[in-house]
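Student: Taking the hints into account, I'd like the entire structure generated from these sequences.
These protein sequence lines are chains D and R, in that order.
So for the first sequence, our numbering puts the first residue at 1; every next one is plus one.
So for the second sequence, our numbering puts the first residue at 1; every next one is plus one.
Any given hint could be a false lead.
Unchecked claim - Selected chain R positions facing chain D (Cβ under 10 Å, derived; list incomplete):
#1 100
#2 120
#3 221
#4 278
#5 282
#6 416
#7 420
To be verified - Cut-off 35 Å, straight-line C-alpha distance, at most; resulting in silico cross-link-like pairs (DSBU-like, lysine-lysine):
#8 D:70 x R:166
#9 R:8 x D:7
#10 R:347 x D:10
#11 R:166 x R:397
#12 D:52 x R:166
#13 R:347 x D:52
#14 D:70 x R:459
#15 R:459 x D:52
#16 R:434 x D:52
#17 D:52 x R:356
#18 R:434 x D:60
#19 R:205 x R:312
No lab work stands behind these hints, which were simulated from the structure alone.
All C-beta atoms, glycine included, are put in the ideal place defined by N, C-alpha and C.
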Amino acid sequence: MGVVQSKRQKYLFLAFCLLPTFIVFCLFTVYPMVGGVYYSFFDWSGTSSVMKFIGLDNYKRIFSDSVIPKAIFNDYFFVFVKVIGIMVLSLFFAVALTQLRIKEAPFYRIVFFFPNIMSVVVIGILWQFIYDPNIGLLNGLFRAIGLEAWARPWLGDMTWALPSIAIPAIWAGIGLFMLLLMGGISNIPKSLYEAADIDGASEWQQFWKITVPLIWPQIKTSILYIIITSLNGSFVLVQVMTAGGPGIATEVLGSYLYQRAFEDFKFGYGAAIGVVILVLSLATVLIFQFLLKKEKVEY
Amino acid sequence: MRNKSFKKSWLFLLFALLLLVLAACSGNTTTEEPPKDTETSSEEGTTEGEGTSSGISGDLEIQYFVGGYGDAWWKEVIADFKAAYPDVNIIEHAGPNINTEMNTRWISNDPPDVVYIDGNGSSETQMIADGQLMDISEWAKGITMENGTPLLDSFISPAEELDGGKIYSLPLVFDTWGMWYDSAWFDEKGWKVPTDFDSWLASMKQIKEEAGIAPFVTTGQYPQYFQRGVLNPAFAAAGGEQLLNDLANGVVEAWEGEEVLQVMKKVEKIVEEGLVDTGFAAYNHTQSQMNLLLHQNAYIPVGFWLPNEMKKDTPESLVYGFVPTPMNDSGKSMALIPDIRTVAIAKEADNPEAAKAFLEFIFTETYAQKFAESTGAIMNLKNVDLSSNDRVPEFLKGINDMINSPGQIQIHNRNTPEGQEEQDIAVEMTNEIKLQIVEILIGNITAEEFVERMTNKAKELRGQ
Numbered sequence: 001m002g003v004v005q006s007k008r009q010k011y012l013f014l015a016f017c018l019l020p021t022f023i024v025f026c027l028f029t030v031y032p033m034v035g036g037v038y039y040s041f042f043d044w045s046g047t048s049s050v051m052k053f054i055g056l057d058n059y060k061r062i063f064s065d066s067v068i069p070k071a072i073f074n075d076y077f078f079v080f081v082k083v084i085g086i087m088v089l090s091l092f093f094a095v096a097l098t099q100l101r102i103k104e105a106p107f108y109r110i111v112f113f114f115p116n117i118m119s120v121v122v123i124g125i126l127w128q129f130i131y132d133p134n135i136g137l138l139n140g141l142f143r144a145i146g147l148e149a150w151a152r153p154w155l156g157d158m159t160w161a162l163p164s165i166a167i168p169a170i171w172a173g174i175g176l177f178m179l180l181l182m183g184g185i186s187n188i189p190k191s192l193y194e195a196a197d198i199d200g201a202s203e204w205q206q207f208w209k210i211t212v213p214l215i216w217p218q219i220k221t222s223i224l225y226i227i228i229t230s231l232n233g234s235f236v237l238v239q240v241m242t243a244g245g246p247g248i249a250t251e252v253l254g255s256y257l258y259q260r261a262f263e264d265f266k267f268g269y270g271a272a273i274g275v276v277i278l279v280l281s282l283a284t285v286l287i288f289q290f291l292l293k294k295e296k297v298e299y
Numbered sequence: 001m002r003n004k005s006f007k008k009s010w011l012f013l014l015f016a017l018l019l020l021v022l023a024a025c026s027g028n029t030t031t032e033e034p035p036k037d038t039e040t041s042s043e044e045g046t047t048e049g050e051g052t053s054s055g056i057s058g059d060l061e062i063q064y065f066v067g068g069y070g071d072a073w074w075k076e077v078i079a080d081f082k083a084a085y086p087d088v089n090i091i092e093h094a095g096p097n098i099n100t101e102m103n104t105r106w107i108s109n110d111p112p113d114v115v116y117i118d119g120n121g122s123s124e125t126q127m128i129a130d131g132q133l134m135d136i137s138e139w140a141k142g143i144t145m146e147n148g149t150p151l152l153d154s155f156i157s158p159a160e161e162l163d164g165g166k167i168y169s170l171p172l173v174f175d176t177w178g179m180w181y182d183s184a185w186f187d188e189k190g191w192k193v194p195t196d197f198d199s200w201l202a203s204m205k206q207i208k209e210e211a212g213i214a215p216f217v218t219t220g221q222y223p224q225y226f227q228r229g230v231l232n233p234a235f236a237a238a239g240g241e242q243l244l245n246d247l248a249n250g251v252v253e254a255w256e257g258e259e260v261l262q263v264m265k266k267v268e269k270i271v272e273e274g275l276v277d278t279g280f281a282a283y284n285h286t287q288s289q290m291n292l293l294l295h296q297n298a299y300i301p302v303g304f305w306l307p308n309e310m311k312k313d314t315p316e317s318l319v320y321g322f323v324p325t326p327m328n329d330s331g332k333s334m335a336l337i338p339d340i341r342t343v344a345i346a347k348e349a350d351n352p353e354a355a356k357a358f359l360e361f362i363f364t365e366t367y368a369q370k371f372a373e374s375t376g377a378i379m380n381l382k383n384v385d386l387s388s389n390d391r392v393p394e395f396l397k398g399i400n401d402m403i404n405s406p407g408q409i410q411i412h413n414r415n416t417p418e419g420q421e422e423q424d425i426a427v428e429m430t431n432e433i434k435l436q437i438v439e440i441l442i443g444n445i446t447a448e449e450f451v452e453r454m455t456n457k458a459k460e461l462r463g464q
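Tutor: So, in structure tokens, the structure goes:
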């Protein structure tokens, strides 16, 4: 009888822990998602109670909308550039701070993580000033070292606006993944590296043959996380820095959704774009889950 | 026994937590700001000669956007109204994000009584399409000014009639777009203010040479500033109100005509001569306006709210000068396209009588004077003499004179298209023109290409 009671207690305790979070999750994540899909079948301004059911019309419009392909391209540009940029840099810093025995490592850890604490909006405005054609740091630097020709209106140039936004996106993301990878690296027994040294392996070989395979779960998690947050979160930086401009040079699905839903009062269409983002995110993550699959390595 | 009480207290805690979560997530019951100024019937009502009308009482909810015009005028008017109608309890909903904040009330059909339609997130066209505004045609026709003239005849820009003669709002603010410059700087340098396109081009070339700056700037993030500030007056100056509205509504023949090409060739000329700030595409509205204040540029198209919006950053030496955008040919009059901000009564208003009393209350000469003093724009009333009012900025007096003595400038109205389909086409035309404006100002396309792309868009939208 004592065993049965403690099992019940156990389940009750689990329920007590999980239920509030589950309710909040349903209310703030599941319900809006379902609501978004629901609204995508309507013609609704978002500012009144007048809603007209139009079935799949919004989706048909998406297929013929010339902005959508460009927005999708820009979204995946960010994904691609951010994955490579963040992974390379955070791997480098993680290895440097754990294995190169730098005395000021704790200081660097804090400094590199700092952008992660800043609000994305603040980062966007900060970099707007850095990129300012007249008073910005970047152009000022180029002019000071005699490279006048390199100074240009970064966020106002159709070719350069997109890469210009990618840089603060990478800069802001490095800290978190660096810490994650450092955590993974610190779990690798030092004896492995010592054995490799004795066998005559170079630092580079050690990196590829020991470090990377052993922290592969962390690398995979980081890549997937970057993909997900990129597809959903590029909106903030784009909206703050260029509002999708010049023209549609930096338009992403998120900023286009915002424009359609809140500036053109086509909430149903915006919701449909939201569903497209959802579908693309799911598809991308599934594909990458498959591509990055690797047996966990243990030595 | 200990196990049982242990279990009970956990259960109790769980239940309490659930209740807390549910309560926090239950519908927003009171999202309004607490009622401000809750003085009631202790006030004597003798001001403004209105007297206390019998029957005007209860709560009156007023929603107004606070932006470049500030809220000083609203506060004063509301205070005077309360003094005149002491039985009315006014609840104000105001702020820079008020349209988003009040959105849920409009969606749930529980709107405020009076709404001033302005700012981000507001669209009178959408509100009318969704049937949210009260039809005030009959009532409005009966309102007279202090001197006996009907209100509807006293507007500079008339109240818009839609759906076969129905009036859904009263046009309160006469704002318009034009070219701004620092008149003190111009005086100092001996630069003349242009009156037509040729003199404007010459002026810009002169400024470029003498000051070494790109004279023209606009916000690339919001190309509608260029559309409303330069293109619309240019189209109206070239072909009148008909052309202006036809182009905006995507009438294919209008886009295939000569006038629009001539206008775009003027724009192309400005770009070719290197007169446009190369960084414009990155600027938002405040950045481009700051450039004017810092003398990085000399001309910028904005509306009347500019001085108020940049109040905190304006240097002492700067004097705001305004001229209707000089895109007209020599000999032709300059064009002004009013950008009217309206005030309306909600269809589901709880207190329509008080709402009507309020609307009647505000359209007076006194408040028109105060409006010009505190907002930098003018109220949409004809024949208000601002010349002897020291507190009104000079540029406003100048424009007011121009408006009331026709011949110098022509006022052309941008009319709301009728019907959902036409409105959708107009929205899509605006979206397309915004993209092409950036392209032509950057120098990526020619005038011919601009017109061709817009014509194709119009054809696509019209199903041709």
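Student: Below or equal to 35 Å on CA atoms is what counts here, so check residue 434 (chain R) against residue 60 (chain D).
Tutor: 24 Å, holds
Student: Does residue 10 (chain D) sit within 35 Å of residue 347 (chain R), going by the straight-line distance between their CA atoms?
Tutor: 57 Å, violated
Student: Given the hint that residue 70 (chain D) pairs with residue 459 (chain R), test it: the Cα-Cα distance must not exceed 35 Å.
Tutor: Satisfied, since the Cα-Cα distance of roughly 22 Å is no more than 35 Å.
Student: Hint residue 420 (chain R) vs chain D: min CB-CB distance below 10 Å?
Tutor: For residue 420 (chain R), the interface hint holds, since the closest Cβ of chain D sits about 9 Å away, which is under 10 Å.
Student: Does residue 7 (chain D) sit within 35 Å of residue 8 (chain R), going by the straight-line distance between their CA atoms?
Tutor: 16 Å, holds
Student: Is the straight-line distance between the alpha-carbon of residue 434 (chain R) and that of residue 52 (chain D) 35 Å or less?
Tutor: Given that 35 Å is the threshold and the Cα spacing comes to 29 Å, the pair holds.
Student: CA of residue 205 (chain R) to CA of residue 312 (chain R), is that 35 Å or under?
Tutor: Distance ~31 Å between residue 205 (chain R) and residue 312 (chain R) Cα, so the pair holds.
Student: Could you grab the alpha-carbon distance between residue 347 (chain R) and residue 52 (chain D) and see if it respects the 35 Å cut-off?
Tutor: 20 Å, holds
Student: Between residue 166 (chain R) and residue 397 (chain R), does the CA-CA distance stay at or below 35 Å?
Tutor: 33 Å, holds
Student: Hint check: is the beta carbon of residue 120 (chain R) less than 10 Å from a beta carbon of chain D?
Tutor: Holds, because the Cβ-Cβ distance from residue 120 (chain R) to chain D comes to roughly 8 Å (cut-off 10 Å).
Student: Please work out if residue 459 (chain R) and residue 52 (chain D) have their alpha carbons no farther apart than 35 Å.
Tutor: It holds: about 27 Å lies between the C-alpha atoms, which stays within 35 Å.
Student: Check the hint pairing residue 52 (chain D) with residue 166 (chain R) against an upper bound of 35 Å on the C-alpha distance.
Tutor: 24 Å, holds
Hint violations for this structure: numbers 6, 8 and 10, all remaining hints satisfied.
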